[in-house]
Amino acid sequence: MSSPILRLVAQRILLGLVLLLAVSVLIFAGTQILPGDVAQAILGQSATPEALANLREQLGLNDPAWLRYVHWLWGILHGDFGTAQSSGLDIASSISTRLKNTLFLAACAAIVAVPLAIILGLIAVRYRNGFVDKLISGLALASTSFPEFFIGYVLIYFFAVKWQIFPSISTVDDSTPFLERLQAVVLPATALTLVVLAHMMRMTRAAILNVMQSAYIETAELKGLKAFDIIRKHAFPNAIAPVVNVVMLNLAYLIVGVVVVEVIFVYPGMGQYLVDHVAKRDVPVVQAVGLIFAAVYITLNIVADIAAIVANPRLRHPK
Amino acid sequence: MSNELDYLSRRVAAGKLSRRDFLGRAAALGVAATVANSMLSSAVRAAGPVKGGTLKAGLQGGESTNSLDPATFLSQVPFAFGKCWGETLVELAPGGGIEYLIAEEIGSSKDAKTWTMKIRKGVQFHNGKEVSADDVAATLKRHSDEKSKSGALGVLKSIDTIKVDGGNVVVTLKDPNADMPYLMADYHIIIQPNGGTDKPDAGIGTGPYKITGNQPGVKHTAARFDHYWQPDKYGHADQVEIVVVNDPTARMAALQGGQVNMINRVEPKIVDLVKRLPGVTIRAASGRGFYPFNMFCDTAPFDNNDLRMALKLAMDREEMLQKILRGYGSVGNDMPVNAAYPLFAEDFEQRKFDPEKAAAAYKKSGHSGSILMRTSDVAFPGAVDAAQLYQQSAAKAGIKIEIKREPGDGYWTEVWNKQPFSLSYWGGRPTQDQMYSTAYLSTADWNDTRWKRPDFDKMVLSARGELDEAKRKKIYRDMGEIMRDEGGLIVPFFNQFVDATGKGVEGWVDNPAQELSNGHALIECWLQA
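Those sequence lines, one after another, are chains A and B.
Residue 0 is where the first sequence starts when you use numbering that gives the first Met the number 0, and the numbers rise one by one after that.
Residue 0 is where the second sequence starts when you use numbering that gives the first Met the number 0, and the numbers rise one by one after that.
Take these hints with a grain of salt, some might be off.
[Stated by the list, open to error] Straight-line Cα separation of at most 20 Å, DMTMM-like style, residue types lysine to aspartate or glutamate; simulated pairs:
#	chain 1	residue 1	chain 2	residue 2
1	A	LYS279	B	ASP408
2	A	LYS279	B	ASP200
3	A	LYS279	B	GLU405
4	A	LYS279	B	ASP376
5	B	LYS148	A	GLU49
6	B	LYS198	A	ASP89
7	A	LYS279	B	GLU413
No wet-lab data here; the hints were simulated from the structure.
Could you build the full structure based on these sequences and the hints that come with them?
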């Protein structure tokens, strides 16, 4: 019975890789279309024609685009993203620290947000249309409706300025011990949790409510099961696929979309790194970060797909 | 009574009495809090700096693209960190003169073309090597080379030859320049071993702090250099740290929460609120920076001086100063220099808002229809509001201004110095000559008002080579007058540098040259327990 599943999973992964390749072509093409000449951008106004020619030669800009694309892709496959034009630093090593920070913050936020959202969703279904349901939905929607920076400032005002429990500046580096790191991300992770909570919670609630209309739930009710047991044992497993999808979307957001929170809490993640380099037209860095973000999205979507396949008996046992 | 206060303030300085207790007792003695506070700070200063601790600054203006190569310095964080680990030949003293650092003295030939700089002996680099005249010459050569792309290139373009003569460096200029020592204070020209030609971003200098950590756009740390040559003056804290905090609200929160000891760029609109916070001190220093409205003097309709005059008269400078800068600045007079410059004549008549005269001049110019003015958030803080205020005051004179709000990205490449009427900012320069040479010579790259007047160019050059100060001052006065009445810039105000320090930060000196006490705040301040 496992072979159709394996085949499906392998198919998904293969599709993901093809998609990633297509994205890499798009990213490369996109940065080629950008107006201006890279050599001109590096040398600035005072560039002499000879210096421009030398630099073009040095950067391999005279080669045809497809050859440059192959070189670039070949380098990336070997872990070589090239060097940043603005600072001359190796991109792979700069990114690895930043990526670790981003993943750490996203993980901290996710560990709190995902279980919390699902549990709140379950509770909301149990007491649907009652006071508790409305309270949970109302609070979650309110926290999502506030812009991130506002939530960030409110947290800073109370926890960092008034009570001085947590730091408002979350600067961390490789030498920061784990506990200090945790303390540093408490406020940004809380802000992110509040931002993503409602989406996942509402989706959990809606998906389970959908299942709750089914005949077998009625049967479960009639045989006298407790309301929570029905939801936990019969309804939730059948609602997992859409929930996982939403969870993955939000996880992707936590990794690629948090630049505002990074700026407010001075957290050295990928977002700020990308923005700085876009401002400087530092194309190799923008390409590298773009590719990593695409890989994150695609990977998480594959995971969601696979989870949906595994959770769904109809997909597990296709006729 | 004053004996008792003296005694008490000395006790605070010695750390035996808290500041709060002192203020309480001073109040009991009938002394106003402000008086007591100033007594206290003079006592603290007299007691001398306290060594030790970690001084932290949360600053705007750092990016992950920053490098330690001084030639590339552009924003505030590399600038301030550079002052910690490196030193230039001379510095701009708070009073406007020259403070000698690596150069012990600088002398000139009679024609102001040949300058001899005596290099101080016994100054050590962080790598243990002593600074020699060769290092200095190599540094100057690197920055004056076109290929270096140094930010100091414009300043050093006038250098013809650089030679080493024993312990001296002799520089000859293409044209006479009486301000040459001021040029050497440019913050890019940090003296590096062998001029930094081996490894420009090695971060080895002669400053009071040695780099211990460098994460561009995040954090920079440095520890006291044990062999610094003037340990009594600079380098009081054991460690200094700069955290890049680009968001103004986060910066203020970090200062209030005690995570940093000082911040730069306090927004004028919150200064009045911040002043009331316990422990926070606002450090406002009037500077040479200004926010001009630039008109191209060679492009219609601005090639008509009557129209330019009408637009100048239609500016309500007082209102601008109060509403945009909340009073943290001084009104401008349509010239790019002010009283913070050496050799500035104080007797100019102040241009005032005069709708009737403006209307008359506008009528005389014969122009009709609206005038397009471009602005953007990045032109200066509050530039969009300033444009709207101006639109209203001009309307009172019957002049119709049409505002076009441009995106911040690309404003400096596509709008400023390209479009005939736009808002901008200038950080100011140490001397009048540099300010006029940078932007108001016919040949200047950054001539952002297209001010092309051979007679004016001649005046700039003759003032530059004039060693007699009275004569120079006279020429600068005439130049200012011409600028004010015929030039292409409207200057509503000169801004102030508004920084803030937290509890226990002492030793701050206001300096008009740049923000953060010309970047010296981290090396000259100390932490009072």
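Which numbered hints are broken by the structure, listed smallest first?
none
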